[in-house]
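Using the hints, position chains B, C and D against chain A.
Residue numbers (this note's numbering), protein chains in the order written: chain A, 14 to 390; chain B, 14 to 390; chain C, 13 to 349; chain D, 13 to 349.
Bear in mind the hints are in silico, worked out from the structure with no lab data behind them. Here a beta-carbon is modelled for each residue, glycine too, at the ideal position from N, C-alpha and C. Just to be clear, a hint being listed does not mean it is correct.
Some but not every residue of chain A turned toward chain B, in silico, with C-beta under 10 angstroms [claimed, not checked]:
#1 Leu41
#2 Asp283
#3 Ala284
#4 Thr286
Calculated cross-link-like contacts (lysine-lysine; reagent style DSSO-like; alpha-carbon spacing at most 27 angstroms) [unchecked claim]:
#5 Lys235/D x Lys390/B
#6 Lys42/A x Lys23/A
#7 Lys235/C x Lys390/A
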Amino acid sequence: MDLEYTESEKEFRAQAREWLVANVPRGLKSGDTAEGFAQHVEWEKLLYDARWAVVSWPERYGGRAASLWEWLIFEEEYYRAGGPPRVTQNGIFLLAPTVFDFGTPEQQDAVLPRMAAADDLWCQGWSEPGAGSDLAATSSRAKPDPTGGWRLTGQKTWTTRGAFCTHMFGLFRTDPESERHHGLTYFMIPLDTQGITVRGFDRLDGDEGFAEVFLEDVHVPDEAVLGGVGEGWRVAMSTTGSERGLTLRSPGRFMSAAENLISLAQSRPDAATPILRDKIASAWIDAEAYRLFTLSQVTSIVAGGSPGAQSSLNKVFWSELDIRLQGTALDLLGQEAELDGAWTRSFMFALAGPIYAGTNEIQRNIIAERLLGLPRK
Amino acid sequence: MDLEYTESEKEFRAQAREWLVANVPRGLKSGDTAEGFAQHVEWEKLLYDARWAVVSWPERYGGRAASLWEWLIFEEEYYRAGGPPRVTQNGIFLLAPTVFDFGTPEQQDAVLPRMAAADDLWCQGWSEPGAGSDLAATSSRAKPDPTGGWRLTGQKTWTTRGAFCTHMFGLFRTDPESERHHGLTYFMIPLDTQGITVRGFDRLDGDEGFAEVFLEDVHVPDEAVLGGVGEGWRVAMSTTGSERGLTLRSPGRFMSAAENLISLAQSRPDAATPILRDKIASAWIDAEAYRLFTLSQVTSIVAGGSPGAQSSLNKVFWSELDIRLQGTALDLLGQEAELDGAWTRSFMFALAGPIYAGTNEIQRNIIAERLLGLPRK
Amino acid sequence: MYFALNDDQTALREGVRDLLTGECTPELVRGAWADPAAGAAALWAQLTEMGLPGAAVPEAQGGLGLGACDIVPLLEEAGRVAAPIPLVETAFVAAPLFAAAGLETELDLLLEGKLLVACALDGSPLVPYGQFADRTLISSDASAGRSIRMLDAVTTAAAGSAVDSIDATRAVLSLAGDRPEGVRLDLSPAQATAAWQRGVLGSAAELVGLARTLLAQTTAYVKDRRQFGVPVGSFQAIKHHLADALIAVEFAGPAVMRAAWSLDQGSSNRDRDVAMAKALASAAAERVAAIAVQCHGAIAYTTEYDLHLYAKRVWAGSRCWGSAEWQRRRVAVALGL
Amino acid sequence: MYFALNDDQTALREGVRDLLTGECTPELVRGAWADPAAGAAALWAQLTEMGLPGAAVPEAQGGLGLGACDIVPLLEEAGRVAAPIPLVETAFVAAPLFAAAGLETELDLLLEGKLLVACALDGSPLVPYGQFADRTLISSDASAGRSIRMLDAVTTAAAGSAVDSIDATRAVLSLAGDRPEGVRLDLSPAQATAAWQRGVLGSAAELVGLARTLLAQTTAYVKDRRQFGVPVGSFQAIKHHLADALIAVEFAGPAVMRAAWSLDQGSSNRDRDVAMAKALASAAAERVAAIAVQCHGAIAYTTEYDLHLYAKRVWAGSRCWGSAEWQRRRVAVALGL
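The shape of chain A in the complex, shown without the other chains (with noise of 0.2 angstroms):
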């Protein structure tokens, strides 16, 4: 046991808690709005220029090569210094990973340092009409062209920012007789080509944050496709692993957020009464433990340990956590909780957190199944 940071991490966090204190703008729009996202790439190319926007990647790629235990401190600092949420996100943290495992070295090229420099911005193409949670049953579809290169014909829905975002990358099922997970291939490609029609429209807490994907006969070459031909339920799966995993949630986040509800109830001493105090003090002891868990599981991987099914453990803690912190901050605003305000929209945007990256049902059948050793059926 040693829960103490080494000097070099002590000192990577007071040069980032500097940097960010000093940087981190106040006021931004939301980024699932056209006006604010236009603020967000400002922010995220401002980070890529200071060499802050990807920490853990290699140096060639913009990143500092940090550690995880980097990547922890990097998160709450950022979070700690009132960082906004990051758009680039779905492309850093989840097909960003996947191009490290999978890609070529001409696609990590290709990708990531545009990527990181918010110069390519990417967005999900995951879910499609009658296709939620269940992404083997893709059916958009993909087919050679005898010039070379794929034709893409299909719908993607809720694509978070799909319309303000350069890239996409999603399933498309490759071979026609296919069913369920066989005879996927993962694609990513420029919205930009023709064929492509993108249509957003408005999300629950007010932004028009979603975006639907039409796709008529699109013409990608070779090099869109990540890992291979029919592999794409693999590659995909390595995705939501991170997405449900560590990489999507930090901590610092949540920590964040609960030394923020403290600060609300101490500027409302007569809101604050004493089973709000208890709930206050629950989500931030739930903050702290995931904190904790999270230490425990860095520990491992850092061991050469891979989190696996334990990733769902994380994805249903942090996000019923969030919804018991956020509603607690609704308790203490009273009747201001209606209105428009950072808390309520942060408290909608959480009720989210057990739907996407697989829904909150399913997480609790793979921890059954795979930690656990339920049988499946």
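Coordinates of chains B, C and D only, in the frame set by chain A:
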């Protein structure tokens, strides 16, 4: 809307209260021990002699032909006066409704008066080793005796108070070729019949309240069959309907428990933190909500309706309310909760609520499928 | 003992339900998001034809003379369709208050359907519907029977500023800083308290109606929607979510009706019963809204789908007129805790 | 940063686990129900051979000189087998206290495995294991560093009466009325507080161990048990219950280990960290016990089946050393709430 009882109902309440306050015994041992059971039978006989044992039954069987409203009133008064749990309840509340519905006049005359008088003491033979809530998995069997009547062989278990009772009712497979809920027949069996062995065993709360009942080529006459050969499933479902419905858990029990919880809190002001006071208020509110729900249900039954699958709402609600209520009492008791006292025993017993009479998982399936119409598969 | 609506009550409820189902469609509610005043006016005109403004006003003063047991089912119907209108405030809180206080001008206008009323009864600076209401009732401690004051629209507008609710139909005004005095209503403490109780109860009824709609929409959705080759509603986890939702609604509903009875009877427990009703209704509506979102999945998140119209009304309204926790504290006090 | 046991700690833990798995069987625990003193003595003799009585005593004073990070995993192992013995009280609370207070006679006896210690540290009249303990530590406010007193067995027996715990192995004594003075230990407030913190933390570790066993037994049961023609564990509702149980345990475990680290480091947050550990451990154990009973069904209710040995230890112990709510309140205060 009229939430007042009539003058005659009020008079009924006053009579019941007067008699109960004067006669309810104090300090009986648990009815699930041999010694306590004998004490309880004595009390049940006293109740019967005063015609309070089966108030809703016809007068010729020892009742008062009380209306459903009067029955609710009696139950409220019974628990308010601190009346002990009824060791006759499996007979009176589970078997009797079935005998009223399916019994021949001769069966009714033979069974009901002796049950009401606590001369015959009935236990239920539902569960078998390997079949708990899955009644259709019954493997105990009955075959016709060439000389008339039936020969029963098999094993029943989890039979509450089986070691102290005189009679048992349960399902047996009369068609050896049948599966699941086909080919079952409902039998009523004196436990002193040759070939029956009863073995009591201890229960979690320390009482020896369970029994296994072994049947080895036990002969019973044709009159032991209730509701027709091969009709057992339909007949049993009628009984489990009673078990889950209004009859097993009248609101009076929970209202009384909630009042006792309030008294406990008042007697321990230091322990009654704001959080516990909130939980106590919740418990009282839920008990009251259960009473009100029941009143609207009885209104509908009196008007000719049938609770049907609605009784699953009752079962889930009262059983989980009971756990919250008893658990809050333990929180009030603090470290003293570990003592083997009334509240702690009630808590442990309450944990059985979501298990017996059809687990709450099954009840929630029923609610979803029959009340909301969700697809079975 | 008869715990059900009588024939007249049932007929009235069905009449209002038919009207609202036909008129207060999701499209009308969406229209009210764009123009709350116009949406409310259109619907109010329809309800005025049925006499709803005067529902709680004595017949001698031109109303229908109905009691809480008659009106509460109608408010539940209004909740069911997320009626974008201060119906509780105008018809259930203000109308009998105007009658009691002898405010004839206001009463006449109200009965003619020409007056909508907003309330800031519980000391909050926020006034739902304040942006377009013709009168605003204001009190700092109505539950304890303190005085109630009334502002006209001009004074309210001058003293307040529009703020964004997550439910745009609520057209919330914020009365920051010093509040104008307004006109003090000539009421006994009991009348003021009763007005507060009607507001709490009406709000509870609307929340139960909203919860029923959220549950019905979700039930329909999970029967239809297929994932992994089967209807989503065939998964046990989804079944159990919806069973919990139904339980929450079914055990809140009777408590709301009982509180109506207690008000009509002037029961000594009416304050406790109203508090219990709101505590259960708020908790049930919040629970059902969360379950509805979860069972829908991503589609719950788009404003093109109707669900958010009802869910946001719950999130906006569940803490008004006393949150579940606040109301349970009232019950606890009534129980001697 | 390295959040895992080192090789020595792992080896020690495995040694203790092997011993306890072999020795502290359900049969031994059942035996302790019948004769708690004999059960405890039998097990204590085994653990003494491994040097456990002196685990937390400095090497200079004849102990193993281990820290909380070394010992807490062993206490979790003791919880896992429901060891019917005041191990936390004797080895983790009292032993280092005797060493610090210079109670050489008691320390020597304890190190030889001849002294078992009970605690009534949190002001309750109840003394678990008080019926057979050789010494009883007593304090009214140890968490705040108040004085700790010690009673010998004769004085304790004279002042107390045996009461029935739902877990008979705990042999609870009740000190009703005036308590004997006993011997006041010569301790600094910090030493007294540290003793309390070790008790809380040790209790949390045992609860996590109990929860792991309850979960493991239930998982095994639902894989095997068939209902409706399939294993019970294939039903989604059961899967989700057990997933929730695993989550509760997995997120409590690291918090307990971190509190051990905070004690060893003398962190300024150690009181908060210990409180958080116990809050999570109590809540997790209570949750898992309830889920275990529910997933077992009726068989959970018979004392012929082993489950109750572990579930009752949870119900008996989860509120000792501060309930989850009480500990959360300490955390809240530490957070400035």
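Quick rundown of the hints versus the structure:
| no. | hint | verdict |
| --- | --- | --- |
| 1 | Leu41 | 39 angstroms, violated |
| 2 | Asp283 | 14 angstroms, violated |
| 3 | Ala284 | 14 angstroms, violated |
| 4 | Thr286 | 7 angstroms, holds |
| 5 | Lys235/D x Lys390/B | 22 angstroms, holds |
| 6 | Lys42/A x Lys23/A | 32 angstroms, violated |
| 7 | Lys235/C x Lys390/A | 22 angstroms, holds |
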